[in-house]
Amino acid sequence: MPAKRQPRAAIFAALGDETRLLLVAKLCAGQPYSISQLTRGSKLTRQAITKHLRVLESVGIVHSVRRGRESRFEFDPQPIEGMREYLELVSEQWDHALCRLKSFVED
Amino acid sequence: MNDRIEKRIELKAPVSRVWRALTDHHEFGEWFRVKLNGPFVLGQISRGQITYPGYEHVKWEAVVQKMEPERLFSFTWPQMDYSMETATLVEFRLEKTASGTLLLLTESGFDKIPSDRRLEAFRRNDGGWTEQMKNIEKHVATAS
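The listed protein sequences correspond, in order, to chains E and B.
Numbers 352 to 458, taken from our numbering, label the letters of the first sequence in order.
Numbers 753 to 896, taken from our numbering, label the letters of the second sequence in order.
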């Protein structure tokens with residue numbers, strides 16, 4: 352899985368674009384969408400949407416599945432979840448460390 | 753998504769007291785649970801060993817970035833394989849308040865870290881104590 356080797360920076364960068372965030376917002380509901388469906392209602396061309404989807408795909412946030420003649424794109428929460436879990440773990444460690452600091456200086 | 757962790761905590765102790773607890777290596781080691789080999793020196797690597805029972809094999813390494821007395825203490829802290837390329841920046845900012853000190857903690861730079869399983873293993877290792885910390889807190893609370 353190449354996505355696993357991606358630096359977290361690539362994931363942040365992939366999400367640091369308004370169009371891609373909108374695409375993720377649409378896809379994260381769980382249902383796979385075709386490029387035509389994703390282009391509908393957008394001012395962007397099919398090519399532009401495809402380019403953005405490829406960026407998301409390169410960091411593993413989105414996967415394409417072929418259905419007949421058409422590619423459909425679906426959301427993969429794993430890279431984002433992994434990052435969030437890690438931050439939560441670190442955050443919890445700080446809560447405990449700061450709690451110990453508090454009792455240490457307030458004694 | 754956020755690539756940083758921010759905490760704020762009110763401490764009922766003067767700024768000078770908190771500054772000492774952060775920058776005196778013995779005092780820092782007490783609450784952080786690490787035995788440091790020597791004092792914190794600006795721009796230099798601080799080395800030591802985690803002291804929590806069962807985790808003594810975990811090394812501590814960090815580089816002191818800023819020491820602005822009673823205002824700001826910061827260090828870079830490698831997240832995996834003790835490599836500075838994966839270091840996050842830890843900053844402690846102090847502010848005087850009516851009742852003592854407001855401590856603002858920031859850890860940033862998580863975006864540089866590869867999303868690799870080994871990383872979680874590493875951090876879980878030296879911080880996997882979370883559960884056991886709860887026991888200690890309980891112990892301290894009942895002892896006092």
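Since the hints were made in silico from the structure, they are not lab data.
One thing to keep in mind: the hints can contain errors.
Below are the SDA-like pairs computed for lysine to any residue, each with C-alpha atoms no more than 25 Å apart in a straight line [what the hints assert, rightly or not]:
1) 402/E / 388/E
2) 811/B / 447/E
3) 764/B / 444/E
4) 787/B / 755/B
5) 848/B / 830/B
6) 453/E / 863/B
7) 787/B / 442/E
8) 453/E / 827/B
9) 759/B / 397/E
10) 453/E / 793/B
11) 402/E / 446/E
12) 402/E / 450/E
13) 759/B / 377/E
14) 377/E / 764/B
15) 848/B / 781/B
16) 848/B / 446/E
17) 377/E / 397/E
18) 402/E / 431/E
19) 848/B / 363/E
20) 811/B / 848/B
21) 453/E / 777/B
22) 402/E / 447/E
23) 787/B / 797/B
One-sided and incomplete, this derived list gives chain E residues near chain B with beta-carbon spacing under 8 Å [as the list claims (entries may be wrong)]:
24) 363
25) 386
26) 399
27) 414
28) 416
29) 438
30) 441
31) 445
32) 451
33) 455
34) 456
35) 457
Built from N, CA and C at the ideal position, the CB exists for glycine as well.
A quick look at each hint next to the structure:
For the given pair, residue 402/E sits about 15 Å from residue 388/E by alpha-carbon distance, which is consistent with the 25 Å threshold. Proposed proximity of residue 811/B and residue 447/E is supported: the alpha carbons are some 19 Å apart, at most 25 Å. With a C-alpha separation of about 21 Å, the suggested pairing of residue 764/B with residue 444/E holds against the 25 Å cut-off. About 29 Å separates the Cα atoms of residue 787/B and residue 755/B, which puts this hinted pair outside 25 Å; it is violated.
Taking the CA atoms of residue 848/B and residue 830/B, the gap is about 30 Å. The hint is violated against a cut of 25 Å. Among the hinted pairs, residue 453/E with residue 863/B is inconsistent with the structure: their alpha-carbon atoms are about 29 Å apart, more than 25 Å. Between the alpha carbons of residue 787/B and residue 442/E the distance comes to roughly 22 Å, so the proposed pair stays at or under 25 Å and holds. A distance of roughly 20 Å separates the Cα atoms of residue 453/E and residue 827/B; the hinted pair therefore holds under the 25 Å criterion.
A hinted pair counts as satisfied when its Cα atoms are at most 25 Å apart, and residue 759/B with residue 397/E does not qualify at roughly 44 Å. With a C-alpha separation of about 24 Å, the suggested pairing of residue 453/E with residue 793/B holds against the 25 Å cut-off. About 41 Å separates the Cα atoms of residue 402/E and residue 446/E, which puts this hinted pair outside 25 Å; it is violated. As the CA atoms of residue 402/E and residue 450/E are separated by approximately 47 Å, the hinted pair breaks the 25 Å bound.
A distance of roughly 32 Å separates the Cα atoms of residue 759/B and residue 377/E; the hinted pair therefore is violated under the 25 Å criterion. As the CA atoms of residue 377/E and residue 764/B are separated by approximately 47 Å, the hinted pair breaks the 25 Å bound. Proximity of residue 848/B to residue 781/B is assessed by CA-CA distance (about 24 Å); at most 25 Å being required, the pair is judged to hold. A hinted pair counts as satisfied when its Cα atoms are at most 25 Å apart, and residue 848/B with residue 446/E qualifies at roughly 21 Å.
A threshold of 25 Å between alpha carbons decides the hint, and for residue 377/E with residue 397/E the separation of about 16 Å falls inside it, so the pair holds. With a C-alpha separation of about 20 Å, the suggested pairing of residue 402/E with residue 431/E holds against the 25 Å cut-off. Between residue 848/B and residue 363/E, the direct Cα distance comes to roughly 35 Å. Violation of the 25 Å bound is thereby established for this hinted pair. Under the criterion of a C-alpha separation no larger than 25 Å, the hint pairing residue 811/B with residue 848/B is inconsistent with the structure, at around 33 Å.
Of the pairs offered as hints, the one joining residue 453/E and residue 777/B holds, with about 17 Å between alpha carbons and a cut-off of 25 Å not exceeded. With a CA separation close to 44 Å, the supplied pair residue 402/E and residue 447/E exceeds the 25 Å bound. Simply put, residue 787/B and residue 797/B have alpha-carbon atoms about 14 Å apart, close enough for the 25 Å limit, and the pair holds. Because the smallest distance between the Cβ of residue 363/E and any Cβ of chain B comes to about 5 Å, under 8 Å, the interface hint for this residue holds.
Residue-level restraint check for residue 386/E is violated (minimum Cβ-Cβ distance to chain B is 25 Å; threshold 8 Å). Hint on residue 399/E is violated. Least Cβ distance to chain B is approximately 24 Å, over the 8 Å limit. For residue 414/E, the suggested interface contact is broken, since its CB lies about 16 Å from the closest CB of chain B, more than 8 Å. Evaluation of the residue 416/E hint against chain B yields a violated restraint, the C-beta minimum of about 23 Å exceeding 8 Å.
Interface hint at residue 438/E: satisfied, since its Cβ lies 6 Å from the closest Cβ of chain B, which is below the 8 Å cut-off. Interface hint status for residue 441/E: upheld, as the beta-carbon distance to the closest one in chain B is roughly 6 Å, under 8 Å. With 8 Å as the threshold, the beta carbon of residue 445/E comes within range of chain B, its nearest partner Cβ sitting at about 5 Å, so the hint holds. With a cut of 8 Å, the hint placing residue 451/E at the interface with chain B holds, because the nearest CB-to-CB distance is about 4 Å.
Interface hint at residue 455/E: satisfied, since its Cβ lies 4 Å from the closest Cβ of chain B, which is below the 8 Å cut-off. At a threshold of 8 Å, the smallest CB-CB gap from residue 456/E to chain B is about 4 Å, leaving the interface hint in force. Interface hint at residue 457/E: satisfied, since its Cβ lies 5 Å from the closest Cβ of chain B, which is below the 8 Å cut-off.
Comparing the model with each numbered hint stated earlier shows that hints 4, 5, 6, 9, 11, 12, 13, 14, 19, 20, 22, 25, 26, 27 and 28 do not hold.
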